[in-house]
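As given, the protein sequences belong to chains A and B, one line each in that order. Residue numbers for the first sequence follow my numbering, beginning at 1182 and rising by one. Residue numbers for the second sequence follow my numbering, beginning at 18 and rising by one.
These are calculated hints, taken from the structure and not from any lab test.
When the alpha-carbon atoms are kept at most 27 angstroms apart in a straight line, the in silico DSS-like pairs for lysine-lysine are as follows:
no. : chain 1 : residue 1 : chain 2 : residue 2
1   : A       : K1195     : A       : K1481
2   : B       : K88       : B       : K102
3   : A       : K1481     : A       : K1500
4   : B       : K100      : B       : K88
5   : A       : K1270     : A       : K1310
6   : B       : K141      : A       : K1195
7   : B       : K144      : A       : K1195
8   : A       : K1382     : A       : K1270
9   : B       : K348      : A       : K1298
Just so you have them, the derived chain B footprint on chain A, three or more residues with Cβ under 8 angstroms:
no. : region
10  : 1237-1243
11  : 1278-1290
Built from N, CA and C at the ideal position, the CB exists for glycine as well.
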Amino acid sequence: MPLLDVRNLSVDFKTANGQFRAVDGVDVQVDVGDVLAIVGESGSGKSVSMLALMGLLPWTATITSDSMMFDGVDLSRADDRTRRSIIGKDVAMIFQEPMSSLNPCFTVGFQLREALKAHLPLSRRERQKRAIELLEQVGLPEPERRLRAFPHQLSGGMCQRVMIAMAIACKPKLLIADEPTTALDVTIQAQILELLLDLQKDTGMALVLITHDMGVVAETAQRVSVQYAGQKVEEQGVNDLFANPHHPYTDALLAALPERATTKHLPSIPGVVPGQFDRPAGCLFSPRCQFADDHCRQVKPGNAPAELGHARCHYPLIKGVPQREAS
Amino acid sequence: MLNFILRRLGTFIPTFIGVSIVSFLFIRLLPGDPILLMAGERGMTDERYAQLMTQFGFDQPLLSQYWDYLKGILQGDLGTSFKTKRPVWDEFFTLFPATLELSLCAIVFAVTLGLPAGIIAAVKRGKWPDQALMSTALVGYSMPIFWWALLLIILFSGMLGWTPVSGRISLMYFFPTDTGFMLIDSLRSGQEGAFASAVQHLILPTIVLGTIPLAVIARQTRSAMLEVLSEDYVRTARAKGLGPLRVNGLHALRNALIPVITVIGLSVGTLMAGAILTETIFSWPGIGKWMVEGISSRDYTAVQGGLLMIAVIVMVVNLVVDILYGLINPKIRK
Chain A
1182 MPLLDVRNLS
1192 VDFKTANGQF
1202 RAVDGVDVQV
1212 DVGDVLAIVG
1222 ESGSGKSVSM
1232 LALMGLLPWT
1242 ATITSDSMMF
1252 DGVDLSRADD
1262 RTRRSIIGKD
1272 VAMIFQEPMS
1282 SLNPCFTVGF
1292 QLREALKAHL
1302 PLSRRERQKR
1312 AIELLEQVGL
1322 PEPERRLRAF
1332 PHQLSGGMCQ
1342 RVMIAMAIAC
1352 KPKLLIADEP
1362 TTALDVTIQA
1372 QILELLLDLQ
1382 KDTGMALVLI
1392 THDMGVVAET
1402 AQRVSVQYAG
1412 QKVEEQGVND
1422 LFANPHHPYT
1432 DALLAALPER
1442 ATTKHLPSIP
1452 GVVPGQFDRP
1462 AGCLFSPRCQ
1472 FADDHCRQVK
1482 PGNAPAELGH
1492 ARCHYPLIKG
1502 VPQREAS
Chain B
18 MLNFILRRLG
28 TFIPTFIGVS
38 IVSFLFIRLL
48 PGDPILLMAG
58 ERGMTDERYA
68 QLMTQFGFDQ
78 PLLSQYWDYL
88 KGILQGDLGT
98 SFKTKRPVWD
108 EFFTLFPATL
118 ELSLCAIVFA
128 VTLGLPAGII
138 AAVKRGKWPD
148 QALMSTALVG
158 YSMPIFWWAL
168 LLIILFSGML
178 GWTPVSGRIS
188 LMYFFPTDTG
198 FMLIDSLRSG
208 QEGAFASAVQ
218 HLILPTIVLG
228 TIPLAVIARQ
238 TRSAMLEVLS
248 EDYVRTARAK
258 GLGPLRVNGL
268 HALRNALIPV
278 ITVIGLSVGT
288 LMAGAILTET
298 IFSWPGIGKW
308 MVEGISSRDY
318 TAVQGGLLMI
328 AVIVMVVNLV
338 VDILYGLINP
348 KIRK
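For reference, chain B alone in the conformation it holds in the complex (with noise of 0.2 angstroms):
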């Protein structure tokens, strides 16, 4: 197992430089120029421009560019933004807990709905649940994002008044947020409707965010669990005399769950990417906002910097899922 996990982290390196690569490129082929940016509608003088090229480092060639990045990587420093003059790495801590806390929510509401509704939709195969499940579901995973996220502002914000619009917590309370995580927080707080405040502003950011995965898992789950109920095995727990829910719940299921334990880490990388979107809609102060910001300010170091820590989350969360495989089923594990 050991010895697994050691050979993973050793393909980490090239995927590591890799991505350092394709983030750095990709903010520097964007048109634009985040010293002219810098300097706004006031412009600045050539001379003053090409001082500050310097001393950004711009005028030197690419390549010994990205050589400075790598270098500081190793070091643990991925620069300082250029918009709010603070290291890159405190940036990105700062506001990752509040995405981490909304992607968490996500996942954790795709999974409790997508699993049963895909073991249901297995079992009843043709029926009526079956098709009303997979036809909402392929509506879930096609609809844009963010017109799903307004009309259910729309609805449950405006209309019925039931969630607030925007923000993670009301403005009637203020505490300290050590930790980040706004559960967590107000819970500590102690201060009374602060933690279902903070509760309602994550129902319809969470339900934005975890739609997608959500469709995807039901699907996922289902299909898994149709190539699984055919199997052998499943006949045997059958023929055992066991009830439906043990035979299709842990029988059935726990052979079904490699492909969708696959599946949900991959959707790790969709919710970063709809935390962008999402966090912008919802004014939801995380990473996903943070680099949306960084982006349209050509903040060239913030920006890389959050696309390779995203990518090395990605790319942890895929390893814990290959540890998984082994743990749910032995045979792999050889």
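One chain only, chain A, in its complex shape (with noise of 0.2 angstroms):
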């Protein structure tokens, strides 16, 4: 049994336009200790489907799903202290932007013991042990002098390594990391995802990282999921997605890695994610895929089989050549 099971999940928003799809029936499977990568372009929902696992969606949010199992609770289905007993404990979530993510009205030994409190029995003293500890943990120097610190004191790496340490505060069985390096510089960008990973290889927690960037999937996942416009268009191991994308938008994103481009020119994908308005009647990538045609434009392709990645698409690619005759 997966430690996290997501059947069917659907978010919609209320806009003042009537309601915006942003998650289109996605389904999510962790294993303990695993690395899933979930990948996608701004809008893609890949932020809102685990925001809406976390319970931490906007009020304007309706969520639906046939079910979400986190070992052996729904949570779809969990009063609210239940969640809360979970939240924050089992699953605990980093965020994009480290600065803005920390209160500014308290130091970070405040926010830092405070994850502590609210799952554990331990003591006050115990509680300033285990912050100092944590803060070696995520390789932050002078940790007694930090924790007296305000977070406009730091920086913004020091900011995500104090938000890393409150995540695994109650060792958590899944981290959920949604696009931790985005806001800081390239240098750090890569220490953070270093000791990301590291902290997963030493409590053996599972990992689900969030990113745009398939450089990053490529160093750190076991396992990619790729969504488009809310829907979940393919899965599979890292290593055989990057050899053999099944869907044509897996394909194009790969080809726009610079490493990857042959030509002068860096490939990119025409057009932009599908809107509120302009949401096609099938194939929601069809307008931008180099392969669709009348089929793909007019009826909503179901799923290929997991041999070939569970494409949402016609005529998934092999070795990228689209497989016509297939359906």
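Fit chain to chain and form the complex, with the hints in mind.
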């Protein structure tokens, strides 16, 4: 049984112009100790699906799902109290903007000890000791001094380390990292990723890494789930995905990697992710797909079998060639 | 921090001079002549009139009158009230405790109801508690304060007989008022029922004076909370698995407090202005009532001195608010 098993998750947002579907029937499975990368462009619903799992979406969101099983508890049906006893303890999350994710009014120590206090029966003294340990664990020098600091006295990279320390405070079984390096300098990005992977190896927790950086995916993930316009379009092991992408979108994403470019100009995917008003009738990727035909534009595709990466495509690619006779 | 306070105190000087000019001119711009008013119905001879004009210095040009006034202020002398012949400074501080007591009660009333109302409205935005609280606040804010006072008196004093109509304490009690705060003095007197009577007398004026600040605080708290609730750090607090009370009441509220205490500080000015009406209606012997009497008898020194003191109090309160900013949010302290 997987640690996390989300079935058919959809999220709708109430907007001034009616309902907007940000996540559309997504499945997520994460095994114990797994590293799953969720990739996709901005607006593909990758953060929203994880925020929905955590119950952190704003009030304008409506969440529907068949089930959201985490470690034997169905989070979609759990009451608030049960959910709060799991969130922050067994599932933790870190975010894109470390500087604004820490409360400016409280010291680092207060916020860190608070995470411990919420879930663990520790005394004051034990909490302080554990807080120091945690800061050491995430590689912050002078932990005692840092605990007394306010967030604005730290750099972005240090804030993200504090966020990570807070997230792993209660030894979670699953850590969700929502674009943890996007707001940081390139040199710091590598350090933070390395830290996350080291922690994952040391503690054996599962890690979900949300990113739009294929380079990050190649270095970190075991499995990759590709999302497009709120739908999961492909899921494979990382090596297979890079060697043989089955969905044209994945193929195009990989082709846009600078290391893979063969021409003088970097290839790009024409067009943008469809918004609220221009969702195609058929395959959502069809307007931007180089292989699309009329069938693609009119009929919604189903999912291909597992050996084709569950690709949501009428003509999944094998070695870059669409398999038209398959359907 | 000390540097900051000293710098702020430096800005007091021009403000203070400005206020002294305005308060000096304001009362003199009103039609009416204090000396004629002093004479009353009988009138006076031209010689007596001229003599009094010289005695009070009104024959001097305005500029030299102002200069004398300013010199007095710098020596801590606000002049002598025309009417009572007592120093304005003494008059003010005899009456000020009554106003302070009422204002403090009104502020406490406004904050203890306004903050929770604003928080609840923000957390339940768009739902019925939000709509009910915010429309009530709007009604409270728009209501003429004297009319509101009369309605309350009719209901609670007239029809129900629960509260007294006016004054600070029942005439049955008599004891020395050393501190000037009736709640404290009545407790110290040890007379049975004195404290209860003082509290009863405070209820209606407190509600009347606190209503507008209450509405302002509730609305400001709501909008500040709404802004803060969508911040990343509130999401972080929720991601820790903290309960709604801790997320909203600690993580969000602490950040939302900055604009709220600004409004509380500014409403001290409103309270002083509101006190004038409230004290008159409830015969509350405070500076508001004293100033109204001063204006109607053209008691120049009392009115200009009173205005100046109120302005200084408002300035000091807002300095305290500025200092509080840094205590609440250390990011501002830099």
